[in-house]
Amino acid sequence: MSEIATDLPRQQPASVVTEGGLVRGLLIAVAIVFLALFLVLPLATVFVQAFAKGWDAYLAAFHEADAHAAIRLTLITAAIAVPFNLVFGVVASWAIAKFEFRGKNLLITLIDLPFSVSPVVSGLIYVLVFGSQGLIGPWLIEHDIQIIFAVPGIVLATIFVTFPFVARQLIPLMQEQGTAEEEAALTLGASGWHAFRTVTLPNIRWGLLYSVLLCNARAMGEFGAVSVVSGHIRGLTNTLPLHVEILYNEYNFVASFAVASLLAGLALVTLGLKSLLEWRYAGDIAASGRRH
Amino acid sequence: MASPPLRPRRRFRQPSVIPGFGLTLGYTLTCLSLIVLLPLAALVVRASGLGLSGIWEVATDPRVASALRVSFGISALAALTASLFGFLVAWVLTRYDFPGRRLVDAVVDLPFALPTAVAGIALASLYAPNGLVGEQLAKLGIQAAYTPVGIYIAMVFIGLPFAVRTVQPLIVEIDKEIEEASATLGAGRFHTLTRVVLPPLIPAVLTGFALAFARGVGEYGSIIFIAGNLPYVSEIAPLLIVIKLSEFDYGGACAIATIMLGISFVTLLAINLIQAWSRRRFGYV
Amino acid sequence: MKGSTAIRVENLSKTFDTAAVLHDLSLDVRAGELLALLGPSGSGKTTLLRIIAGLDFPDRGRIVFGAEDATRLPVQQRAVGFVFQHYALFKHMSVADNIAYGLNARKRADRPSKVEIKRRVGDLLDLIKLSGFADRYPSQLSGGQRQRIALARALAVEPRVLLLDEPFGALDAQVRKDLRRWLREIHDRTGQTTIFVTHDQDEALELSDRVAVLSRGRLEQIGTPDEVQEAPVSATVLKFLGDTIEVEAIAQGGQVRVDGRLTPVAAPPGLVGPVKLYARPWQLQFAESHEAHLHGTVRSSYRSQGRQRIEVDRPEGKTVVVEASDTARLPAGRPVGLRILAGHVFAG
Chain A
1 MSEIATDLPR QQPASVVTEG GLVRGLLIAV AIVFLALFLV LPLATVFVQA
51 FAKGWDAYLA AFHEADAHAA IRLTLITAAI AVPFNLVFGV VASWAIAKFE
101 FRGKNLLITL IDLPFSVSPV VSGLIYVLVF GSQGLIGPWL IEHDIQIIFA
151 VPGIVLATIF VTFPFVARQL IPLMQEQGTA EEEAALTLGA SGWHAFRTVT
201 LPNIRWGLLY SVLLCNARAM GEFGAVSVVS GHIRGLTNTL PLHVEILYNE
251 YNFVASFAVA SLLAGLALVT LGLKSLLEWR YAGDIAASGR RH
Chain B
1 MASPPLRPRR RFRQPSVIPG FGLTLGYTLT CLSLIVLLPL AALVVRASGL
51 GLSGIWEVAT DPRVASALRV SFGISALAAL TASLFGFLVA WVLTRYDFPG
101 RRLVDAVVDL PFALPTAVAG IALASLYAPN GLVGEQLAKL GIQAAYTPVG
151 IYIAMVFIGL PFAVRTVQPL IVEIDKEIEE ASATLGAGRF HTLTRVVLPP
201 LIPAVLTGFA LAFARGVGEY GSIIFIAGNL PYVSEIAPLL IVIKLSEFDY
251 GGACAIATIM LGISFVTLLA INLIQAWSRR RFGYV
Chain C
1 MKGSTAIRVE NLSKTFDTAA VLHDLSLDVR AGELLALLGP SGSGKTTLLR
51 IIAGLDFPDR GRIVFGAEDA TRLPVQQRAV GFVFQHYALF KHMSVADNIA
101 YGLNARKRAD RPSKVEIKRR VGDLLDLIKL SGFADRYPSQ LSGGQRQRIA
151 LARALAVEPR VLLLDEPFGA LDAQVRKDLR RWLREIHDRT GQTTIFVTHD
201 QDEALELSDR VAVLSRGRLE QIGTPDEVQE APVSATVLKF LGDTIEVEAI
251 AQGGQVRVDG RLTPVAAPPG LVGPVKLYAR PWQLQFAESH EAHLHGTVRS
301 SYRSQGRQRI EVDRPEGKTV VVEASDTARL PAGRPVGLRI LAGHVFAG
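Residue numbers (the working numbering), protein chains in the order written: chain A, 1 to 292; chain B, 1 to 285; chain C, 1 to 348.
Don't read these hints as lab results, they were simulated from the structure. Ideal Cβ positions, reconstructed from N, Cα and C, are used throughout, including at glycine. None of the hints are false.
Here are some of the chain C residues that sit facing chain A, going by a computed Cβ distance under 8 Å:
1. G54
2. L55
3. V75
Heads up, simulated EDC-like pairs for lysine to aspartate or glutamate below, C-alpha to C-alpha not over 20 Å straight-line:
4. A:K274 x B:D105
5. B:K176 x C:E166
6. C:K91 x B:E173
7. A:K104 x A:E176
8. C:K276 x C:E316
9. C:K129 x C:D188
10. B:K176 x A:E19
11. C:K276 x C:D313
12. C:K129 x C:D97
13. C:K239 x C:E206
14. C:K129 x C:D178
15. C:K114 x C:D97
16. C:K91 x B:D175
17. C:K91 x B:E177
Chain A on its own, in the form it takes in the complex:
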């Protein structure tokens, strides 16, 4: 019996540095309810509304020329904007991470700038340059070049809003990795390009993939900036998010949510892949440790 007497009850605290079980349960419940209400419910609504009138009504939303045109334009826009920003991001982070020069922090701040500009203002500035009353608008009209209310404007506005994605992910990552490996490659006789391909690129590949994923999601989903420069010409300058808006404003809710469900699906796939990458390659995606 003496042995039993010295046995301690099982509900002893697991750690002295946590809250009591009741408080813990309560906080977890509040957090989950809050997230469910504010984040998950809207997402679920998209699918519920999209299928409100059944499969046929859902599919009908995609069986029309305007929807096809919107899908095509969204894909084209992303196909230009994402590779552009991919190349820019890699080149910029090479210049910034592998060299020490004055004004570097200012340059990083400027690259980050589009993130702190309202999407509407992002569209506005292109109207101010290329619009009929814009800086070079009259010259463009003279030469019969259409940028605003046309595909080039949409692409430009999309590039603007997704501009920092790749660069801001790669700069800290490459800064953390330093230059020792590249220098080693160079001493072994590799050319700069060869060193980049065989040493740098493999080191940043997961971070690159991660940032491209996020960049693509934003490029396909951008609404505000694109809305300002597009002119909403059905079948010509409507991307998927703009198409969603038009259908919604026409009270064509099922079609609107059906198209929206396509974009929501994209968001879910993006989130899934993103989480997977974070889980598998945490150390290879972002600079670890704290920012100094």
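With the hints as your guide, set chains B and C onto chain A.
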């Protein structure tokens, strides 16, 4: 050939054996200028054409003033909500283990990934008087959609991930020994949390607040569907820019945009000051 | 009450996940003593310290403070002073606020007045020789200074026992030595019952009144530094306390023979047959072949801390290190004989 005398001088860049500096920096600056700086300069040129008095005139127009008040006021309120709940969510996600934690963690980023227009129509239909949540709120006498309450809800939605993701890494890095030290010195859990754990997190919470606030002020897509866009009541500043543009009132659009940029700039500056202060005080951000 | 039992650890067992870290461990700590818990990593010494502090909880067994069973007493009420290896100072508080923390955390009724707290902080800063640092922040201090602040913070609450977890582990060699001496002085001045954990034998032997040697969750031996060095109870203790050579030997009638030749080492009564003889490098001497217990060839010789050390390869392939005072340099490859002057034997 005599080598030049060595003298300390501040040079533009440190020497390096790694090639490609000129090429990559040149390309970077070219892209940055063409895509970002020149178009933004166009706005500055246009706004300076109006002059301070011109901008002031637009800002004091009752409809514009009301839109700015709506955007900034509600965004501040929403950012406050997002910061509070964001902190709670970040704490729960890092400190407690429960089934589905990874999934909940992934869900936090939903507003980053979901296109704003999609979020907008979803929120609108959810909070409409006949919507799932709107119906319940209506019973309590609250109309959410097509009122400032709707704007608030949308702004909390898009601001939340900023609040969570800014404090989360710092909560992860809290040294458990600090909390143990506090406990061995006789402090209860509440005392430990309020005196030892929370104070170093305040700069991060403020930063998250500022980010959520700036995002809320500029947000367009997720708000316009739920806001109702009633002038003087639930009309946000970005929408007014769009309206001015559609009326070909470029000057008015520029003036509002400039005011918004100015305030975003001040917010960013505030974030930098908070972080600089935090670095000085605690030796980390 | 010096010398009476301050803390009694009774039959402590603890398992993390599936790995047992403490096995039925019992130990008495005397009031006013400086006790070292010495052991390799994984020996359970830090877990034992944390259980005494109330930061971890045993699966079985009791912790008794004086006459009070403290096993289930929350850490806040144990009145222990704990010093962490990495200081665990509160970065956002000044040095003075750090030291005063435990006093300020008390309930209003038990809390000393502001003036009294200020005075005590001042006294403690004098004690740790950091007067004038009251308004600094931890980030402005060196590692050694931070650890002194951490100690003052722990002393401020007038703990029943001071617990130090590898207190010098994060410091460089020179600071470590200075702080060791300084801790001993503080202890002599305050007479505070103190337990500290270390994996460094020199630290334990130099600093403590008694040493408890832990191995794989069990207490191997507890005693004064002299006792554990001169009369180790097991090969584990002996090996952990310093470099040893291990030799096969035969015990019979209280005598020990190596290679058929008698050694001056005495076997404990009852130990008969094949045994292991352990000797320190300085308990060997070069000898003529007919007097030698061991034979081998010189591999190399070098100077270490002012003494000549010679590595000798033995025919079975083992290498032994001998510390010689007669410093004639021996060339590599020279055959030598070694004579055992002293040592300990334990059952093989």
